[in-house]
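Protein chains: 2
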Amino acid sequence: MPIVVQKYGGSSLADAESIKRVARRIAETKKAGNDVVVAVSAMGDSTDDLLDLAQEVSPVPPPRELDMLMTAGERISMALVAMAISDLGFSARSFTGSQAGVITDGVHGKAKIIDVTPGRITEALAKGHIVIVAGFQGVSQGTKEITTLGRGGTDTTAVALAAALRADVCEIYTDVDGVFTADPRIVPSARKLDRISNEEMLELAASGSKVLHLRSVEYARRFDIPIHVRSSFSHKEGTIVTDHPAPEGPEGDAVEAPIIAGVAHDRSEAKVTVVGVPDRTGMAAKIFEAVTLAQINIDMIVQNVSATATGLTDISFTLPKTDGTAAVEALQRVQADVGFSAVQFDDQIGKLSLVGAGMRSNPGVSATFFKALADAGVNIEMISTSEIRISVITRGDLLDDAVRAVHTAFGLDSSEGEAVVYGGTGR
Amino acid sequence: MPIVVQKYGGSSLADAESIKRVARRIAETKKAGNDVVVAVSAMGDSTDDLLDLAQEVSPVPPPRELDMLMTAGERISMALVAMAISDLGFSARSFTGSQAGVITDGVHGKAKIIDVTPGRITEALAKGHIVIVAGFQGVSQGTKEITTLGRGGTDTTAVALAAALRADVCEIYTDVDGVFTADPRIVPSARKLDRISNEEMLELAASGSKVLHLRSVEYARRFDIPIHVRSSFSHKEGTIVTDHPAPEGPEGDAVEAPIIAGVAHDRSEAKVTVVGVPDRTGMAAKIFEAVTLAQINIDMIVQNVSATATGLTDISFTLPKTDGTAAVEALQRVQADVGFSAVQFDDQIGKLSLVGAGMRSNPGVSATFFKALADAGVNIEMISTSEIRISVITRGDLLDDAVRAVHTAFGLDSSEGEAVVYGGTGR
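Protein sequence lines, in the order shown, are assigned to chains A and B. Note that this note's numbering has the first sequence beginning at 1, numbered continuously upward. Note that this note's numbering has the second sequence beginning at 1, numbered continuously upward.
For the record, the hints were derived by calculation from the structure and aren't laboratory data. Hints may be right or wrong, so weigh each one.
Identical copies go unnamed one by one, so any copy, or any two together, can satisfy a pair.
[Unchecked claim] DSS-like, lysine-lysine: derived pairs with alpha carbons at most 30 Å apart:
1. 127 <-> 144
2. 30 <-> 210
3. 30 <-> 144
4. 127 <-> 110
5. 321 <-> 210
6. 110 <-> 144
7. 286 <-> 110
8. 31 <-> 192
9. 210 <-> 371
10. 144 <-> 31
11. 112 <-> 144
12. 236 <-> 20
13. 286 <-> 127
14. 144 <-> 20
15. 110 <-> 236
16. 210 <-> 20
17. 371 <-> 20
For clarity, every value in this text was computed on a predicted model and none was experimentally measured.
Assemble the whole structure, with the sequences as input and the hints as a guide.
As structure tokens, this is what we get:
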């Protein structure tokens, strides 16, 4: 019997009515002749409610206890989903992360899954039960402590279960219809993608697209699990994330993959500029060592050409806004040692990323990209690229305009029918 | 190091402020030089909130999933208590029932503890941690399913932990100062008892006193664990439940135990009367078999003397009000077979029980008891007795008057200073 793994997020499980709707959907999948395993998140905003409670009790709660607290949310939603399913006449069994065999490392708050031993799940499936698993959580190897995988971790739970059970597909249900060429709230003409490669999805997720959690895509790529991102509010087909070629079209010709997958944006970053750094070997290293010691993840880095007259240079980097204070403090501690003149902090920036596997073989992409931004009057402050991505930092208040301009320039708007295809055979 | 087990109920953990107060209390106990293990209930009304959610999703939720749901409540409170303790500079570790080694049978919703294997608790104590355990829950032997012990189960968790850890005392914190000679809301002059025997406490708990859960007292008696019932809102000494004699008084003479421990009342029962039962062998058996098959617990039974002229008799019994409908339906199903004429249901009754180990050697007790009720104008509908208890059924609206009359007649009112002591050496 085919195994389907499904994931439902908090917005699909906001209240009793939503839970009943999700239960009907799960029952349909079972009735269609599948073994069904479901990973669920906590209901609606309940995770935030628990965090608020923790804050009231302790400003800096111990991570072990915070994990113990947070995992209660999925326990509640999974039991309710199982009840709603049994109310429809199907039998369901819920399992905590620990019971489901989700083994992690011991890093509370952002544990990594290192193994899945789904013995109880396969047993329950063999008995004809629908299986509901608490997402976002696991149990640490050896020490058997309850851990959580961090925000978005339920996506990863679902993919990890799909890999361990050799499922045919992992369906990620969310409140949008799939992966879009841009955020439809900013670009109303954004188009839903039918297919996207893991590589492109990874770049989009890393660039601010919130539809799939980065780690879940990495996991899916490693174990070659096709992900189907779709809406829990409709029955439309969503977006398939896979590296396998699309099935042949009706006339037998393979559907050409578009060059550009989409435009992602990110408002969660800030920029730090270290001004007047002596242009000597090892100074940049000292600066980034200080920031790294403060456990801060740096994204983009730019070092200006040294003004030879002064022998001084400026170094800018971006980082999560929430790490801003920590980074500035860490830098001030090394200011005397490194000898720079000032630290500037700027949280009014935005990041725009263009992602597409076709960039590799289409040198025209970057010209079109920068021309679109220039035409829209958007100034570029920093640039970084990968083989299949170009990212730029702009002023935050220009970000929406920039996204729309780039989206249109690459023919991604749905009104234009087809995406621009550079070179190649086209269609 | 002495081991103290403490239990805090939902009313002591209603919100963040209450949790912080409980944490200070726990920290004090640790600072006084004890190893501390704490069993906690779910916060305030959160158990009822979860039950409401379950009802919205499924009118008859599967017991396994209901247990999974309910256990989330203690998970939340124990993590918050552990956080609040660590915020005071002490280290705390919380454990679920399963992690704490609370092994039960597999009866969901009212599982019985069959073993406690507290390996992780003793390990954590050895490392100097304060241990917080989720009350009310365990894991079933063999099948490893999450179970709950039923309402009041956290008392039992605490006593079972105390027994397994060979604790010096099990402190049950509640919102009253201890065990009283009667419910102070009905009898304002009720006195707090300094000591009470397990046997008397069992009878009080079985007769409607809510201060301790019946099963926890049975457990404490079996393992000879002294229970200290006290308030989480004050530092007053509460009531010690133990079979060991009281320590000697300042002049070397043992404190005489009072004859009467207290007066309990219960409004949760109803009365069923089966009218016109043919007075033949086996008819009563058929009636109670029908009721037992419906999983109903019967309390008191009265069969009237048969009216020889008709050859018919009436049989009355009491049962939990909530089981009333099920009992009446079960009886109607056997009406034709047994041949009785009608079933009457009466939920306007009250039960009053007088409990005291001194009854055994003091024949005057029942005379005083019935005279007090007669003087108060309270009619008695049913009577049942044990060696150390007399219970009567009265009209529900007379119950408060009856409790006060009996309380006064036995000199239990605090204004009178001392309890009446029949015979013996007295004081």
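Verification of the supplied hints:
no.: 1; hint: 127 <-> 144; result: both (28 Å within a copy, 17 Å between copies)
no.: 2; hint: 30 <-> 210; result: within (29 Å within a copy, 46 Å between copies)
no.: 3; hint: 30 <-> 144; result: between (33 Å within a copy, 26 Å between copies)
no.: 4; hint: 127 <-> 110; result: between (34 Å within a copy, 25 Å between copies)
no.: 5; hint: 321 <-> 210; result: within (17 Å within a copy, 53 Å between copies)
no.: 6; hint: 110 <-> 144; result: both (16 Å within a copy, 27 Å between copies)
no.: 7; hint: 286 <-> 110; result: within (28 Å within a copy, 62 Å between copies)
no.: 8; hint: 31 <-> 192; result: within (28 Å within a copy, 62 Å between copies)
no.: 9; hint: 210 <-> 371; result: within (27 Å within a copy, 78 Å between copies)
no.: 10; hint: 144 <-> 31; result: between (36 Å within a copy, 29 Å between copies)
no.: 11; hint: 112 <-> 144; result: both (14 Å within a copy, 25 Å between copies)
no.: 12; hint: 236 <-> 20; result: within (19 Å within a copy, 50 Å between copies)
no.: 13; hint: 286 <-> 127; result: neither (60 Å within a copy, 39 Å between copies)
no.: 14; hint: 144 <-> 20; result: between (33 Å within a copy, 28 Å between copies)
no.: 15; hint: 110 <-> 236; result: neither (33 Å within a copy, 45 Å between copies)
no.: 16; hint: 210 <-> 20; result: within (25 Å within a copy, 37 Å between copies)
no.: 17; hint: 371 <-> 20; result: neither (50 Å within a copy, 60 Å between copies)
In summary, the numbered hints that this structure violates are 13, 15 and 17.
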